[in-house]
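Peer 1: The primary structure of each chain is shown beneath.
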Amino acid sequence: MTKSKVLLIGWDAADWKIIGPLIAKGEMPSLKSLIDRGVYGNMSTMNPPYSPMLWSTVATGKTPDKHGVLGFIEILPNLKGIRPVSASSRKSRALWNIFHNQGLKSNLVGWWPSFPAEPIKGNIVSDRFQKVKKNPNEKSPIIRGTVHPPELLKEISDLRFFPWEITEAHILPFIPNAAGIDQEKDQGLHSFAKIISENVSVHAASTFLQREKDWDFMAIYYDLIDHFCHAFMKFHPPKQSAIADNLYNIYKDAVVGAYKFQDMMLGRTLDLIDKENTTVIVMSDHGYESGNKRILKMPKVNAAPAMEHRQFGIFVAAGPNIKKNEKVFGLGLIDVCPTILHMYGLPIGKDMDGKVALDIFKKPLKPHYIDSWETVSGDFGEHKDTKEQDTLSDQETMQQLIELGYIDKPDDKIEYAIIKTSCDLKFNLARVFKGKKDFEQAKKLLLELVESDYPKITQNEIDEALQKDPNSKQFEGFEAGDSIVDKTEYYVELLSIAISEKKFDDAEVYLNIVKTTNKRISINLSLFEIKLLIGKGKPKKALEILNKRIEISPKGHYWFEAGKLYMKFNDFENAKKAFEHALTFEIDKAKYHQALANCLVRLEDYESATDHALTAIELVKYFPEAHYTLGEALEKLGDIENAKKAYEMASKLKPKTHFRAEKAIENINELSNNQSSTNKNIKYKHRKNQITIVSGLPRSGTSLMMQMLHHGGVSALTDDNRKPDISNPKGYFEYDPVMSIHKDNLWLKKAQNKSLKVVAPLLKFLDPKYRYKIVFMNRDLGELVKSQQKMIGKDTQNLPTRLFEAYKKQLSQVEIWANKEPGVEIIYVDYKNVINNPDEEIKRITNFLSIDLNADLMKECIDSSLYRNKS
Amino acid sequence: MDDKEIRKTNEISIKGSLGILAYGDLSIREWRKIRQAHLKNLKNDKK
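Quick mapping for you: the protein sequence lines, in order, are chains A and B.
Take the first sequence: its letter number 228 is residue 227 in numbering that gives the first Met the number 0, and every next letter is one higher.
Take the second sequence: its letter number 44 is residue 43 in numbering that gives the first Met the number 0, and every next letter is one higher.
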C-alpha cells in the first residue's frame, strides 16, 4: 500500500495582501495550482507574534506557556550567559518526535528553532545549517549538531550557498536599479545577499532530501519573505511620503520579488512530490503590514519590528482528502499540529490547545484523543543531554537577530544581559497569558516585573560605552540613575488588562505611572485615556478627545472608537460616517465591518447591513457578533430561514452562551409555529421564569404599577429600604441593587417570576440571559416634570425645558434598545389611562404578561386622589 | 556566468539565474561546476 505523506512548508510572514494581486496577475503560479486543487484561508497568529514562539506552537499544537519557547533568546542553562532559542528550549514534543515514536520518518529543514538536530528517524537539517558569515574571508564551519544523522553532512555540506556567490543576474529581478546603490552608505545589497543565500541553502537541502531520502512527513521553513519585509517593506508601493524617491525607485520591487522567488522554489518542491499520496500545506505564522500601518521609525520596545506583523497569515492545503478550491475559516496556529496528527490517524493530545481543522477534509473522520503525548513512554527521538550547544554558532545567530532588530545588542556586562533577558522572557510569558485571557497569571508576572529592583545605570557606564563606540545605542534614552530595565511596557500591559477587566481605578493608577515613566519609548496613550474615560462614565469627554486626535492624525482605530461612542449616544448617522472612515484606513478589518453592519441595522438599511456583516464573516468566521447582526438584518428583510441559520451560528460560536442569539431563534420558531397554528391572534405568551419589569421615567406611575402587580399576583422584588412618604404614600417598591446593576447584575436571577422596578436609563444593563416583560409607564411629560419639581420642592410654574428634551431622548433610547433585544417584550401603559380606564388597562397588562392576575385587587390599588399634578 | 551555457550543459529546464537557485540541489551543483570552470578559464586567459 502507498503511504500517505504530509509536506508542511512554512513561509514566515507571508500575507494574502501581497499574494492576492500576484496570483491575479499569474505571478505565483505554483501557489495558485495548490489553491486550485485545495483549500485556502487566513491563519490567525498569537500574541506576542514572535516567530520562534509561533513555529514552536505549529510544531507542538501548544501555546508558548506550555512549549517553553518564549522569545528569540534565552539564558544559558549554566546561568552564565544568553543564547538564541534552540530545540532544547522546547519543553513539549514536536510532530517529528511523535512520528519517531510511531515508527514514521520525518525530514525537517531550517525549522526555527531546530538546532541542535534531534536524533529522530529521518533527517534534520537544522536552522544553523544556512547561517553563514557575510565576509567571504571568514570561514563558516558547520558545527556539531547542525544535521542529523551526522553522516548526512557529507552529502549536503556543498549545498550551502554563500552571499558572495550572488551575482548581478540574481539581484536584478529583485532590484532592477541596483546599479544606483551607493554601497558605501547603503547596506541593502548585503542584507539582500545574505537573505537569498540562506534561503537557497535551505531549499537546496530540502530538494536533496526530497529526492534522496525516504520520508513520511517533511517540514521546510523559509524566512525569505519575513526578512525581505523587514529589510524592504518600507519601500514597497504605495510610496510613503517619508521615503526618499531614489531609495523607493531602487527597492520598490524587492518584496514582490521575494514572493515570486518563493513561488519558484515552491514549484520545484511540488515537482518532487507524489501528488496522489501527499498532502501539501503552505502556511505562514503571521502577516506583514504593507499599507499605511507600516512603521518607519521603530519605537524602542521589546522586539519592535514584530509590531509590523499582521494578525493573519496564510493557509493553503491540497491533497487526496482535501476539499477543492474552497475557502476555509477560523484556523489558528495551534490547530496545525492536531490536524497533521489526524491526517496520519494518530490521536490528539488533550493537552494541546488546538483542534483538528475538520472543515478542510473531503471526508472528515472523527478525531480520537489521548490525555497527552508528553506522558507516553518510549523513544521520541529527543536529546538526552539538552545542555550541549555551540556558542560560536550562537554568535552568528545572535548577530542576525540584532540586525533584524528582534533583539538589542546584548550588554557587554553579562549580568545586565541576563537580567534583561530574564525580564523579556517573563514579559513575553505574561503576554501569552494575556492572549489566553488568563489575566490573573499575566498580572502575577507583570507585578513581579514592576515590583523587582534592578541595577541602576551609572554615568561611568554610559561614558565607557560611548568611548568604546561613539555611535553606541546601548544606553540610548537612558540617564545615569535609571534602572537598566525600563518598566514602562509592563505598566502598559497592566493598564490594558485593568481596562479589559473594567477595573478603572487600577487603570487610572497605571496610566499615571506610564505617563511619568513613558520618556524613553514614547507609547501613544490616547486610546487608553479614551477607554478609561468611557469606563469612568465620561463618554462625551472621550469623544471630544477622540475628535481632536482625529483632526491631528486620523487613524482607523480612532474613527472606530468614535463610531462606538456615537452608537452609545444612539447617533447612528455619525456612527455610520465614523465606521465608514475607519474602513477607508483598513478595508479588511472585520470588526469595522461588523460595527458598520450593526449601525446600519439601527438605521434600517438592512441590505447594506447584510453586506457588511457578510464581509466581516468572510474575514473572520469565528465572529459570533457578526453572525448575530447578519441574523438581525436578514430577519428584517424577511429571510427568516437564513436569519435563523445566522443566529444558530452565532450561538454555536460564542465561547459563552450567546443569549441574544438563542432568544432570537426561539422568537423565529414561535413565529413560524404561530403562523401554522389555527389561533393566529396569540401575540404574547407566558415565558418560563420571565422577569416582569416596571419601568418609566421618575414620577410616571411606576410605584403604582408595582403595587398593582404585587397585589394582582406578581410579587415584587423589593427591599423596602425606601420608605413611603408624602410623594408616594403607598410605597416605592424599589430594590437597592438595581442602582448598581451596571456593575453587578448577578442578583437578577432572584427576580425571575417576580416584578422589579427599573428606571428607564438602567434598562440597558439588564442581562440578556433572561426573558423580560416590560410594562413601561408613560405620562404626559408636562405633568411628569411638574410632579418631579414638586417632589424636590422646586418651582412648578417654570418648568426646565432642558429636562423635557433629555426625557424625550431617554424615551427614544428605550424604544431603540427594546427593539434590538430579542429577549425583551414591552408594552407602553399610560398613567392617565390607568386612572381613568383601569379595567381596560388591567386587561391589556394581563394579556401581555400572560398571567392570571387578580384584577379586583389591582384596581383597589388605584387611588385617583393621588393623581395630583394634572396638565 | 552565462545562463544559456548552463542550460546547454544541463538537462533541466531553468528560467534564468534565479531559476537555477529555485531548482535546488541539482542545478546549484551544476552551476557551481560550470562557474568554477568559467572562472578558471578567465584566470588562464589573464595569464
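Wrong hints could be hidden among the right ones.
What follows is a set of in silico ranges between Cβ atoms, one per label pair, in the way DEER data are often shown [claimed, not checked]:
id	chain 1	residue 1	chain 2	residue 2	range
1	A	N324	B	K45	56 to 62 Å
2	B	K45	A	L271	26 to 32 Å
3	A	E137	B	K45	53 to 59 Å
4	B	K45	A	P319	41 to 47 Å
5	B	K45	A	T166	15 to 21 Å
6	A	P304	B	K45	54 to 60 Å
7	B	K45	A	K296	19 to 25 Å
8	B	K45	A	Q182	23 to 29 Å
9	A	I413	B	K45	29 to 35 Å
Here are the computed lysine-lysine pairs in the DSS-like style, where the Cα-Cα straight-line distance is at most 27 Å [claimed, not checked]:
id	chain 1	residue 1	chain 2	residue 2
10	B	K32	A	K153
11	A	K768	B	K32
12	A	K16	A	K635
13	A	K79	A	K554
14	A	K361	A	K651
15	A	K501	A	K590
16	B	K45	A	K153
17	A	K763	A	K540
18	A	K274	A	K104
19	B	K32	A	K435
20	A	K296	A	K31
21	A	K501	A	K362
22	A	K322	A	K79
23	A	K322	A	K361
24	A	K537	A	K514
25	A	K292	A	K588
26	B	K42	A	K138
27	A	K292	A	K212
28	A	K212	B	K39
29	A	K539	B	K45
30	A	K443	A	K763
31	A	K540	A	K501
32	B	K39	A	K132
33	A	K322	B	K42
34	A	K104	A	K79
35	A	K238	A	K212
36	A	K530	A	K322
37	A	K768	A	K502
38	A	K535	A	K132
39	B	K42	A	K132
40	A	K442	B	K32
Quick caveat, the hints were computed from the structure, so don't treat them as lab data.
Keep in mind the model is a prediction, meaning the values are calculated, not measured.
Even for Gly, the Cβ is constructed at its ideal location relative to N, Cα and C.
Peer 1: Can you confirm whether the C-alpha distance between A/K292 and A/K588 stays at or below 27 Å?
Peer 2: 13 Å, holds
Peer 1: For the pair we were handed, A/K501 and A/K362, check the Cα-Cα distance against 27 Å.
Peer 2: Since the Cα atoms of A/K501 and A/K362 sit roughly 45 Å apart, the hinted pair is violated (cutoff 27 Å).
Peer 1: Take a quick look at whether A/K79 and A/K554 sit within 27 Å of each other, Cα to Cα.
Peer 2: 46 Å, violated
Peer 1: Given the proposed pairing of A/K322 with B/K42, does the C-alpha separation stay at or below 27 Å?
Peer 2: Cα-Cα ~57 Å, so violated.
Peer 1: Taking 27 Å as the top limit, are the C-alpha atoms of A/K768 and B/K32 close enough?
Peer 2: Status violated; Cα separation ~74 Å.
Peer 1: Checking one constraint from the list: CA of A/K535 to CA of A/K132, max 27 Å. Satisfied?
Peer 2: 56 Å, violated
Peer 1: Hey, A/K361 versus A/K651, does the alpha-carbon distance stay inside 27 Å?
Peer 2: 22 Å, holds
Peer 1: Take the C-beta atom of B/K45 and the C-beta atom of A/K296, compute their distance, and say whether it sits inside 19 to 25 Å.
Peer 2: Cβ of B/K45 to Cβ of A/K296: about 49 Å, so the range 19 to 25 Å is violated.
Peer 1: Does the structure keep A/K212 and B/K39 at a Cα separation of 27 Å or less?
Peer 2: Violated: A/K212 and B/K39 sit about 34 Å apart, past 27 Å.
Peer 1: Just to be careful, I want the Cα atoms of A/K540 and A/K501 compared with a cutoff of 27 Å; is the pair within it?
Peer 2: 18 Å, holds
Peer 1: Does A/K763 lie within 27 Å of A/K443 when you go C-alpha to C-alpha?
Peer 2: 34 Å, violated
Peer 1: Under the criterion that the straight-line Cα-Cα distance not exceed 27 Å, is the pair A/K238, A/K212 satisfied?
Peer 2: 46 Å, violated
The structure fails to meet hints 2, 3, 4, 6, 7, 9, 11, 12, 13, 16, 19, 20, 21, 22, 27, 28, 29, 30, 33, 34, 35, 36, 38, 40 from the earlier list, while all remaining hints are met.
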